[in-house]
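**Q** Could you slot chain C onto chain S? The hints should help.
Spelled out, the chains give:
Number of protein chains: 2
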Amino acid sequence: MPIYTLFPLVAVTGAAGFLIGALAQQDISYRKLNDEMVRDPYVFRSRRKIFRALSFLGITASPTVQLTERGQSITSESSFEESETESSEIISSPDTGSVSLFEQFILWSRSQVNHIMFMTFSIGAEQPHYKEISHVASIMKYGFPGMDEIRVYKNFVLSYDRRNRIAHWVCEHIRGECLAYRDPQTLEKPNEYIADQSIPSMFCPNMRDFRNTEWVGGHMASPQNYKCNVTMFNEAYKFPNIVPISRALKNNVWLRLEHYVRELALKSGSVYVYTGPMFMPQRITFRNWAIRHHVMGMNTVAVPTHFFKVIISEHRQQGVLPFVEGYVVPNAEVDSETDLRSFLADVRDIEHFAGLKFYDGEQRKRLDFTSSDSSWDIEYIN
Amino acid sequence: MPIYTLFPLVAVTGAAGFLIGALAQQDISYRKLNDEMVRDPYVFRSRRKIFRALSFLGITASPTVQLTERGQSITSESSFEESETESSEIISSPDTGSVSLFEQFILWSRSQVNHIMFMTFSIGAEQPHYKEISHVASIMKYGFPGMDEIRVYKNFVLSYDRRNRIAHWVCEHIRGECLAYRDPQTLEKPNEYIADQSIPSMFCPNMRDFRNTEWVGGHMASPQNYKCNVTMFNEAYKFPNIVPISRALKNNVWLRLEHYVRELALKSGSVYVYTGPMFMPQRITFRNWAIRHHVMGMNTVAVPTHFFKVIISEHRQQGVLPFVEGYVVPNAEVDSETDLRSFLADVRDIEHFAGLKFYDGEQRKRLDFTSSDSSWDIEYIN
Numbered sequence: 001m002p003i004y005t006l007f008p009l010v011a012v013t014g015a016a017g018f019l020i021g022a023l024a025q026q027d028i029s030y031r032k033l034n035d036e037m038v039r040d041p042y043v044f045r046s047r048r049k050i051f052r053a054l055s056f057l058g059i060t061a062s063p064t065v066q067l068t069e070r071g072q073s074i075t076s077e078s079s080f081e082e083s084e085t086e087s088s089e090i091i092s093s094p095d096t097g098s099v100s101l102f103e104q105f106i107l108w109s110r111s112q113v114n115h116i117m118f119m120t121f122s123i124g125a126e127q128p129h130y131k132e133i134s135h136v137a138s139i140m141k142y143g144f145p146g147m148d149e150i151r152v153y154k155n156f157v158l159s160y161d162r163r164n165r166i167a168h169w170v171c172e173h174i175r176g177e178c179l180a181y182r183d184p185q186t187l188e189k190p191n192e193y194i195a196d197q198s199i200p201s202m203f204c205p206n207m208r209d210f211r212n213t214e215w216v217g218g219h220m221a222s223p224q225n226y227k228c229n230v231t232m233f234n235e236a237y238k239f240p241n242i243v244p245i246s247r248a249l250k251n252n253v254w255l256r257l258e259h260y261v262r263e264l265a266l267k268s269g270s271v272y273v274y275t276g277p278m279f280m281p282q283r284i285t286f287r288n289w290a291i292r293h294h295v296m297g298m299n300t301v302a303v304p305t306h307f308f309k310v311i312i313s314e315h316r317q318q319g320v321l322p323f324v325e326g327y328v329v330p331n332a333e334v335d336s337e338t339d340l341r342s343f344l345a346d347v348r349d350i351e352h353f354a355g356l357k358f359y360d361g362e363q364r365k366r367l368d369f370t371s372s373d374s375s376w377d378i379e380y381i382n
Numbered sequence: 001m002p003i004y005t006l007f008p009l010v011a012v013t014g015a016a017g018f019l020i021g022a023l024a025q026q027d028i029s030y031r032k033l034n035d036e037m038v039r040d041p042y043v044f045r046s047r048r049k050i051f052r053a054l055s056f057l058g059i060t061a062s063p064t065v066q067l068t069e070r071g072q073s074i075t076s077e078s079s080f081e082e083s084e085t086e087s088s089e090i091i092s093s094p095d096t097g098s099v100s101l102f103e104q105f106i107l108w109s110r111s112q113v114n115h116i117m118f119m120t121f122s123i124g125a126e127q128p129h130y131k132e133i134s135h136v137a138s139i140m141k142y143g144f145p146g147m148d149e150i151r152v153y154k155n156f157v158l159s160y161d162r163r164n165r166i167a168h169w170v171c172e173h174i175r176g177e178c179l180a181y182r183d184p185q186t187l188e189k190p191n192e193y194i195a196d197q198s199i200p201s202m203f204c205p206n207m208r209d210f211r212n213t214e215w216v217g218g219h220m221a222s223p224q225n226y227k228c229n230v231t232m233f234n235e236a237y238k239f240p241n242i243v244p245i246s247r248a249l250k251n252n253v254w255l256r257l258e259h260y261v262r263e264l265a266l267k268s269g270s271v272y273v274y275t276g277p278m279f280m281p282q283r284i285t286f287r288n289w290a291i292r293h294h295v296m297g298m299n300t301v302a303v304p305t306h307f308f309k310v311i312i313s314e315h316r317q318q319g320v321l322p323f324v325e326g327y328v329v330p331n332a333e334v335d336s337e338t339d340l341r342s343f344l345a346d347v348r349d350i351e352h353f354a355g356l357k358f359y360d361g362e363q364r365k366r367l368d369f370t371s372s373d374s375s376w377d378i379e380y381i382n
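Protein chains in written order, with full-length UniProt numbering: chain S, 1 to 382; chain C, 1 to 382.
If you are wondering where the hints come from, they were derived from the structure by calculation, not from laboratory data. Quantities reported herein were computed from a predicted structural model and do not represent experimental measurements. All clues stand as given, with none of them false.
Computed spacing ranges between beta-carbons, pair by pair: (1) Gln-282/C to Asp-349/S: 24 to 30 Å; (2) Arg-48/S to Gln-185/C: 37 to 43 Å; (3) Gln-185/C to Gln-104/S: 53 to 59 Å; (4) Asp-349/S to Ala-290/C: 19 to 25 Å; (5) Val-230/S to Arg-247/C: 54 to 60 Å; (6) Phe-286/S to Arg-247/C: 19 to 25 Å; (7) Asp-346/S to Ile-59/C: 51 to 57 Å; (8) Ile-59/C to Phe-105/S: 19 to 25 Å; (9) Phe-286/C to Ile-284/S: 21 to 27 Å; (10) Gln-197/C to Leu-9/S: 56 to 62 Å.
Listed below are the simulated SDA-like cross-link pairs for lysine to any residue, each with C-alpha atoms no more than 25 Å apart in a straight line: (11) Lys-250/C to Arg-287/S; (12) Lys-357/C to Asn-299/S; (13) Lys-141/S to Pro-200/C; (14) Lys-357/C to Met-147/S; (15) Lys-141/S to Phe-203/C; (16) Lys-141/C to Met-202/S; (17) Lys-141/C to Phe-203/S; (18) Lys-154/C to Gly-217/C; (19) Lys-154/C to Gly-143/C; (20) Lys-227/C to Ala-180/C; (21) Lys-357/C to Gln-197/S; (22) Lys-357/C to Met-298/S; (23) Lys-357/C to Asp-196/S; (24) Lys-250/C to Ala-290/S; (25) Lys-250/S to Trp-289/C; (26) Lys-357/C to Met-207/S; (27) Lys-250/S to Asn-288/C; (28) Lys-357/C to Gly-146/S; (29) Lys-250/S to Arg-287/C; (30) Lys-357/C to Met-202/S; (31) Lys-357/C to Ile-194/S.
Which stretches of chain C does chain S cover? Using the computed rule of at least three CB atoms under 8 Å from a CB of chain S, they are: (32) 48-57; (33) 155-163.
Note that CB positions come from ideal geometry on N, CA and C, so glycine has one too.
This is chain S alone, in the form it adopts within the complex (with noise of 0.2 Å):
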């Protein structure tokens, strides 16, 4: 063989060796990176940014955002707040950004070309973890409003308080289907709330220091709306889901804002619920304000002044914005004749006294905040 034939056999034979390690290396890291990503929701959070890193070769698809932010100054506050924003996108699932060249190219292939499927099919066959993935992007649709201790639950996901000792927040996805029926396993409650080996101790409440109170157990996330699986209901029993709560406002007014949420999802199909306790400041005197809260038992578990609950209503129909509503609701007992009407608030408001963000940025202007009594024509237990 000539050797001008063999100078270019030699160079193309390298550099496909080139590529074709450079798309392996870069494929292997992002089923690890999606593997570890169920795991972690802080490299979840972060995934955007990590998936950018491991660009083909450090070839970025909008070179001009990555210089501009090659240019900022090392450790700048400017991009923390980038982070910030960040985190709170409607997160689409599964992600865009989650997929390695070689994947895009299998998933592409796939769609196009029918007939080579069955060669790939071997070479997909082992997909990272969508669905786990998905899991979290799907409750997590309208942001994290904080990003303190989160943990990953079936039905839900919570920020854990360790200094209060119970959630700053709980986020649940409610489907009208899981509503309409009843697991007959779900009609026996655990006697106990389950405590989370994930908490350390110290930080977690036990029975003991509900006993002798005023205060009951009250589930943020509501085990009621997952009668449709015994693994999910016996989850709402786990105790960084549990929060002190009066038992009048427990068996009555949240009783029906609960039922309200549901008959909620049962209407519009998909609800997301994001549920916690706020702290609010009492008036002592002129301009002197304190917050008062008791705290129970040996753990000290903090005793909320208030609840809240912010509530957002996907429509059936494609293009109309989902409906925000936001109630806040005294820990205390409180006229049960009261119209649910009386604790709307003002989203933020609520994030004001909690210390929250709920879809903040260019999020906010995709959800309907009118006051609207739309919702309002569904009826009420009293």
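**A** Showing chain C alone in chain S's frame:
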């Protein structure tokens, strides 16, 4: 050229290209991730997991660890617990895991073969920002007590509490060298505290909140520790580092405590200090406890009831365990004659009431908790 030499040649070139391609892709990813790590403390926190996922062609050094991890169920809570302890390991700087295979080769070749150093110098010139990564690592040597809203500054790292508009904790590394010299520019201090743009203004206090109140702004990380550098000095005047403090406390006991820390730093050369607010319950009736704290101004800035300082002073001598002390001071006027020793507190009590965890796990064994009087041969100003 005969065909039987051509095939091996092409195969070897292809394989070499494959390996070089994988190496290049890994190296680029590592560099970009190292850049990202400097900007985002959450990426920094998860760096071990991410770098393990980026291992060369998926081959990890210790496959057994990988296996047990993989064996865990998805979204299992135990894996989150593991991530907890991971963050509090002693952070060696620069991180051994943060170096790609290619860089390992460069580093190895530099140390081994001096005569190829000139060749590799130009390739390895653009090193990742070890300095800045080791900046976070050097301050946070004894771990993150909590992971809520981490902010990185030149001389300290803090975790911000958006609900209370003050920091959860501030961690600083005080070196003896900086205390010995004073930059003349630091004689003039800023007139006002500086807002931090990275925190949404709705969660940030301003000067107006401090007007007409009983409290003044106090520094968690004292600017007096950074008189050697005007940039670091001014950063201590940023709002997240400011907390409402009783004027009488600030000018007396708190000042003495800060001075004691500086004396320790001059003596031992390297002192790590965690400072933060505490909200302590008071007894109302038998078995009935409550937390009550004031809030200031329109932004409802929380006034802590107490402050803590956890001081870890290292020994100049190798092999001697670092010495740990905890102090709790009430946010009120204290008799100026009080001995600082009467404010000594158990670190576990600080952890309980602040909801934080200091250097837990294995870490704890490497520290000296005995309340010996060895560090008390320093003279105090009274």
